[in-house]
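Residue strings, one per chain:
There are 2 protein chains.
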Amino acid sequence: MSKVITSRSEDYSQWYNDIVRKANLADHSAVRGCMVIKPYGFGIWENMKSQLDKMFKETGHTNAYFPLFIPKSFLSKEAEHVEGFAKECAVVTHHRLMNDPVSGGVVVDPAARLEEELIVRPTSETIIWNTYRDWINSYRDLPLLINQWANVVRWEMRTRLFLRTAEFLWQEGHTAHATSEEAIQETLTILDLYARFAEEYMAMPVIKGVKSANERFAGAVDTYTIEGLMQDGKALQAGTSHFLGQNFAKAFDVKFLNENQKQEYVWATSWGVSTRLMGGLIMTHSDDQGLVVPPRLAQTQVVIVPIPKPGTEIDEAAEKIMKALKAKGISVKYDTDAKKRPGFKFAEHEMHGIPVRIGIGKRDLENGQVEIARRDTGEKSSHNLESVADHIENLLEEIQNNLFNRALKFRDEHITRVDTFEEFKSILESKGGFLSAHWDGTTETEVKIKELTKATLRCIPLDAEAEEGKCILTGKPSGKRVLFAKAY
Amino acid sequence: MSKVITSRSEDYSQWYNDIVRKANLADHSAVRGCMVIKPYGFGIWENMKSQLDKMFKETGHTNAYFPLFIPKSFLSKEAEHVEGFAKECAVVTHHRLMNDPVSGGVVVDPAARLEEELIVRPTSETIIWNTYRDWINSYRDLPLLINQWANVVRWEMRTRLFLRTAEFLWQEGHTAHATSEEAIQETLTILDLYARFAEEYMAMPVIKGVKSANERFAGAVDTYTIEGLMQDGKALQAGTSHFLGQNFAKAFDVKFLNENQKQEYVWATSWGVSTRLMGGLIMTHSDDQGLVVPPRLAQTQVVIVPIPKPGTEIDEAAEKIMKALKAKGISVKYDTDAKKRPGFKFAEHEMHGIPVRIGIGKRDLENGQVEIARRDTGEKSSHNLESVADHIENLLEEIQNNLFNRALKFRDEHITRVDTFEEFKSILESKGGFLSAHWDGTTETEVKIKELTKATLRCIPLDAEAEEGKCILTGKPSGKRVLFAKAY
Chain S
1 MSKVITSRSE DYSQWYNDIV RKANLADHSA VRGCMVIKPY GFGIWENMKS QLDKMFKETG
61 HTNAYFPLFI PKSFLSKEAE HVEGFAKECA VVTHHRLMND PVSGGVVVDP AARLEEELIV
121 RPTSETIIWN TYRDWINSYR DLPLLINQWA NVVRWEMRTR LFLRTAEFLW QEGHTAHATS
181 EEAIQETLTI LDLYARFAEE YMAMPVIKGV KSANERFAGA VDTYTIEGLM QDGKALQAGT
241 SHFLGQNFAK AFDVKFLNEN QKQEYVWATS WGVSTRLMGG LIMTHSDDQG LVVPPRLAQT
301 QVVIVPIPKP GTEIDEAAEK IMKALKAKGI SVKYDTDAKK RPGFKFAEHE MHGIPVRIGI
361 GKRDLENGQV EIARRDTGEK SSHNLESVAD HIENLLEEIQ NNLFNRALKF RDEHITRVDT
421 FEEFKSILES KGGFLSAHWD GTTETEVKIK ELTKATLRCI PLDAEAEEGK CILTGKPSGK
481 RVLFAKAY
Chain A
1 MSKVITSRSE DYSQWYNDIV RKANLADHSA VRGCMVIKPY GFGIWENMKS QLDKMFKETG
61 HTNAYFPLFI PKSFLSKEAE HVEGFAKECA VVTHHRLMND PVSGGVVVDP AARLEEELIV
121 RPTSETIIWN TYRDWINSYR DLPLLINQWA NVVRWEMRTR LFLRTAEFLW QEGHTAHATS
181 EEAIQETLTI LDLYARFAEE YMAMPVIKGV KSANERFAGA VDTYTIEGLM QDGKALQAGT
241 SHFLGQNFAK AFDVKFLNEN QKQEYVWATS WGVSTRLMGG LIMTHSDDQG LVVPPRLAQT
301 QVVIVPIPKP GTEIDEAAEK IMKALKAKGI SVKYDTDAKK RPGFKFAEHE MHGIPVRIGI
361 GKRDLENGQV EIARRDTGEK SSHNLESVAD HIENLLEEIQ NNLFNRALKF RDEHITRVDT
421 FEEFKSILES KGGFLSAHWD GTTETEVKIK ELTKATLRCI PLDAEAEEGK CILTGKPSGK
481 RVLFAKAY
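Chains S and A are the protein sequences, given in the same order. Using our numbering, the first residue of the first sequence is number 1, and each one after it goes up by one. Using our numbering, the first residue of the second sequence is number 1, and each one after it goes up by one.
There could be a bad hint or two in this list.
When chains are identical, the list treats them as one kind, so a pair holds in a single copy or across two.
Unchecked claim - Below are the DSSO-like pairs computed for lysine-lysine, each with C-alpha atoms no more than 27 angstroms apart in a straight line:
no.	residue 1	residue 2
1	Lys234	Lys431
2	Lys476	Lys340
3	Lys208	Lys450
4	Lys255	Lys54
5	Lys54	Lys234
6	Lys255	Lys22
7	Lys250	Lys309
8	Lys345	Lys362
9	Lys57	Lys339
10	Lys57	Lys320
11	Lys234	Lys409
12	Lys470	Lys425
13	Lys333	Lys262
14	Lys250	Lys328
15	Lys320	Lys380
16	Lys409	Lys380
17	Lys333	Lys345
18	Lys362	Lys22
19	Lys480	Lys54
20	Lys328	Lys54
Keep in mind the hints are simulated off the structure, nothing from the lab.
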């Protein structure tokens with residue numbers, strides 16, 4: 001912990017990279033664009049995953065697993081889908097290497113060329129709907145509510161750890177329904193679930209909305225999104241839920257016999273969140289001392305540091321506290337490393353974002369006290385040894401709420417209503433955040449705004465009120481405000 | 001459930017395929033050699049995974065994630081490893097597709113050829129040890145005890161669902177140690193953990209042993225294995241744990257400063273089990289009525305069937321039983337589908353291997369009784385409604401034990417000591433199972449035996465007793481018996 005990280009004000013982007021590296025979350029790998037998720041970072045992702053998985057199962061979904069590879073021809077079956085996904089992808093063309101007598105290494109065996117190239121899945125609609133054709137015959141087989149936890153690959157030219165990597169981990173839900181209404185309901189159920197997870201577990205406030213046609217998932221009828229706001233004023237698309245209509249059912253000929261004995265195409269949804277959430281988590285809460293992890297997702301919620309080092313009395317007090325905390329289901333570690341000084345340990349645990357630190361010193365102990373430090377505010381206080389577990393149980397809740405409220409306040413202060421294009425550009429550059437503005441509803445205008453300002457249309461909020469207005473760029477009439485922002 | 005499955009005696013291989021398909025465990029996919037794991041099968045795999053993950057964590061391991069792709073040159077760095085893994089693999093050569101004006105589909109963009117081809121990981125030693133070089137500097141960084149849950153690809157020409165597929169799911173542990181002794185100890189700790197999991201959860205007895213040089217993992221100093229025995233008398237390698245010596249540390253230049261301030265190469269282990277275990281589970285216990293799942297891995301441990309159909313009194317009794325079972329942590333479902341007759345449901349739940357079925361009929365209820373059927377033995381008995389939950393709690397334990405003991409008895413009856421090659425061949429063809437025989441210790445003899453009989457040397461059991469004898473093939477001296485068998 002000798003090196004301090006770059007501050008946010010100095011270089012936000014470098015600050016982000018420093019946190020990811022120095023809090024042991026992830027690393028670049030030898031393969032361009034692919035990351036290594038380190039044990040500490042993976043532990044946080046595992047907590048996210050296990051909570052999301054629980055929520056999926058509570059809403060009737062089950063997990064399954066579909067192939068990593070997609071035959072090239074599948075991608076062409078849905079016209080828009082191929083435009084969105086077939087372009088930058090990993091293509092498997094051969095299935096064998098052979099010794100190279102020249103180099104002494106191995107080379108691709110030209111005789112082992114595949115008849116049809118395979119694409120490493122960028123998303124699995126095609127392979128899954130090709131499978132659903134065999135699984136769905138009648139309305140009795142519906143709904144089919146399936147989720148998959150998997151790795152996917154999209155060949156990105158410019159990558160950033162967690163935020164944009166060639167390979168990433170995600171979950172992708174793929175559901176099949178008998179009616180359009182039921183599929184739309186599923187899309188919205190999942191959108192709510194994602195928003196609940198983001199706010200209650202990640203303590204990251206999000207805006208629920210629908211994407212414009214231009215930002216829609218390739219192959220969807222409607223794409224719903226949750227959008228967060230990072231500390232630098234940029235938006236982050238944190239999860240999407242798509243109503244796919246009958247597009248994939250038609251592309252893969254998936255029909256069912258309805259209750260009236262008629263053949264109909266099946267209605268579909270798909271939805272996903274990814275390791276990108278780790279980026280959102282970091283950028284929503286962390287500070288110039290390092291990572292800040294909300295208690296509900298922390299691997300270690302409490303760390304105990306002996307001051308200046310372990311010893312019989314301090315060990316006994318630590319054991320007692322640990323026992324009481326564990327009985328409450330709170331995860332706690334006792335940092336007994338005798339080679340590191342307390343100050344060094346403090347910095348290290350701050351860097352890792354452990355929500356609560358307990359310092360136990362001899363003098364404090366004589367007074368029946370321990371020192372408690374909050375990671376979110378940096379506040380320290382003394383507390384009675386006897387009731388410390390109850391106190392910490394409440395404190396963890398308080399920290400979770402404080403992180404959410406702090407982020408919510410920041411987010412709300414960074415939604416600015418603008419009515420002219422001058423104002424739009426000026427606020428975007430000076431303050432950033434979401435710009436709530438009127439838009440004429442055309443892709444042409446949306447694209448022009450992006451070209452001129454780099455701001456993208458994040459979403460049309462679900463709770464947007466009807467309001468007569470004029471498009472900030474074209475002056476054409478608009479019935480409600482939408483949100484623009486620069487985004488990750 | 002109209003079609004009955006093929007019986008084991010009629011066609012064992014077809015029986016296996018029928019179970020996998022009709023119990024909704026897995027399916028072939030549109031991609032050659034890649035399977036779709038269906039929700040019911042995936043639920044059993046999830047139970048296995050979660051128990052194994054718990055056991056890994058209890059023994060000090062943490063999870064992480066490494067890239068799917070391995071640069072081609074990495075595979076050549078460890079001489080034996082490349083021989084074992086570089087040959088049949090999925091090779092990514094391009095990163096873009098483009099529209100094909102001729103076909104209207106998409107074709108590989110020749111301009112997007114990768115400078116160096118990427119291999120879809122067949123196993124991750126190389127990419128992980130290339131990463132460990134940055135993570136390990138001093139003895140203080142050791143041991144490093146890391147596991148990864150991932151998909152891997154090995155281009156298999158002849159595939160069977162779960163047992164041998166091009167893509168499969170697995171966990172791979174990769175640990176780094178300061179001494180050879182500690183690494184060997186880790187290898188054996190994991191071997192024990194695997195054996196414990198196989199026996200206590202899968203109810204599958206296994207023999208722990210070490211592989212001959214010929215069957216060793218490519219790049220290992222020693223490969224330890226757990227070997228199960230399937231009902232057709234063939235062995236199944238169910239998990240392996242490798243002591244890798246300093247081979248990968250040398251190939252990737254991973255050194256550490258030891259306590260005496262000297263640079264040393266790091267010692268390594270790797271170990272894994274895969275979705276192949278699902279094949280082992282099926283073939284150890286299932287019968288001609290379908291799948292049999294040990295209670296500890298069953299998604300649904302108890303199913304309640306109303307006879308002939310739901311109704312107020314029966315529903316109330318079912319609710320009461322469910323509440324009592326759930327309070328004991330037992331998973332239970334009430335099959336209220338009014339469209340299916342009880343007999344049909346019975347067959348369906350038998351096919352899925354649900355350990356216990358409770359039938360509730362009106363007449364039984366009048367006598368305060370329900371009918372309980374065990375999946376393992378098919379036995380039915382009446383039981384008092386009041387104490388049914390306690391009874392079932394014990395019954396599930398009894399079924400778990402019975403499955404293990406039954407499989408153990410079968411396995412032990414199928415280990416035959418043979419002293420001549422004639423006997424070896426005759427028992428192999430008539431009875432199958434493990435042949436405990438003397439072997440002269442050479443690869444040459446081992447390979448010849450395989451050529452002549454198709455039996456492979458499964459392992460040298462860890463508990464093999466010293467015994468003077470003569471090799472069954474060459475008559476040369478041997479100090480202990482080893483186990484041969486035909487194998488999956």
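Here's how the hints hold up against the structure:
Only within a single protomer do Lys234 and Lys431 lie at most 27 angstroms apart by alpha-carbon distance; the minimum there is 10 angstroms, versus 70 angstroms between protomers. In this homomeric assembly, Lys476 and Lys340 never come within 27 angstroms of each other (Cα to Cα): the closest approach is 66 angstroms inside a single copy and 60 angstroms across copies. For the identical chains of this complex, Lys208 and Lys450 are intra-copy neighbours only, at 21 angstroms inside a copy versus 64 angstroms across copies, given an alpha-carbon limit of 27 angstroms. Taking the closest pair of Cα atoms, Lys255 and Lys54 never come within 27 angstroms of each other, the shortest separation being 31 angstroms inside a single copy and 42 angstroms across copies.
Taking the shortest alpha-carbon separations for Lys54 and Lys234, neither the intra-copy value of 30 angstroms nor the inter-copy value of 39 angstroms comes in at or below 27 angstroms. In this homomeric assembly, Lys255 and Lys22 come within 27 angstroms of each other (Cα to Cα) only across copies, at 22 angstroms, whereas the closest approach inside a single copy is 52 angstroms. In this assembly of identical chains, Lys250 and Lys309 lie within 27 angstroms of each other by CA distance neither inside one copy nor across copies; the values are 68 angstroms within and 38 angstroms between. Taking the closest pair of Cα atoms, Lys345 and Lys362 come within 27 angstroms of each other only inside a single copy of the chain (18 angstroms); across copies the shortest separation is 68 angstroms, beyond that limit.
In this homomeric assembly, Lys57 and Lys339 come within 27 angstroms of each other (Cα to Cα) only across copies, at 26 angstroms, whereas the closest approach inside a single copy is 46 angstroms. Proximity of Lys57 and Lys320 under a CA criterion of 27 angstroms is satisfied inter-copy only: 24 angstroms between copies versus 37 angstroms inside one chain copy. Within a single copy, Lys234 and Lys409 get their C-alpha atoms as close as 15 angstroms, which meets the 27 angstroms cut-off; across copies the closest is 66 angstroms, which misses it. When the C-alpha separation of Lys470 and Lys425 is checked against a cutoff of 27 angstroms, the pair qualifies only within one copy, where the shortest distance is 16 angstroms, while the shortest distance between copies is 89 angstroms.
Taking the shortest alpha-carbon separations for Lys333 and Lys262, neither the intra-copy value of 62 angstroms nor the inter-copy value of 32 angstroms comes in at or below 27 angstroms. Proximity of Lys250 and Lys328 under a CA criterion of 27 angstroms is satisfied in neither setting, with 52 angstroms inside one chain copy and 47 angstroms between copies. In this assembly of identical chains, the alpha carbons of Lys320 and Lys380 lie at most 27 angstroms apart only when taken from the same copy (21 angstroms versus 51 angstroms across copies). For the identical chains of this complex, Lys409 and Lys380 are intra-copy neighbours only, at 24 angstroms inside a copy versus 64 angstroms across copies, given an alpha-carbon limit of 27 angstroms.
Proximity of Lys333 to Lys345 under the C-alpha cut-off of 27 angstroms is restricted to the intra-copy arrangement: shortest distance 12 angstroms within a copy versus 50 angstroms between copies. Taking the shortest alpha-carbon separations for Lys362 and Lys22, neither the intra-copy value of 31 angstroms nor the inter-copy value of 67 angstroms comes in at or below 27 angstroms. Taking the shortest alpha-carbon separations for Lys480 and Lys54, neither the intra-copy value of 37 angstroms nor the inter-copy value of 52 angstroms comes in at or below 27 angstroms. Proximity of Lys328 and Lys54 under a CA criterion of 27 angstroms is satisfied in both settings, with 21 angstroms inside one chain copy and 20 angstroms between copies.
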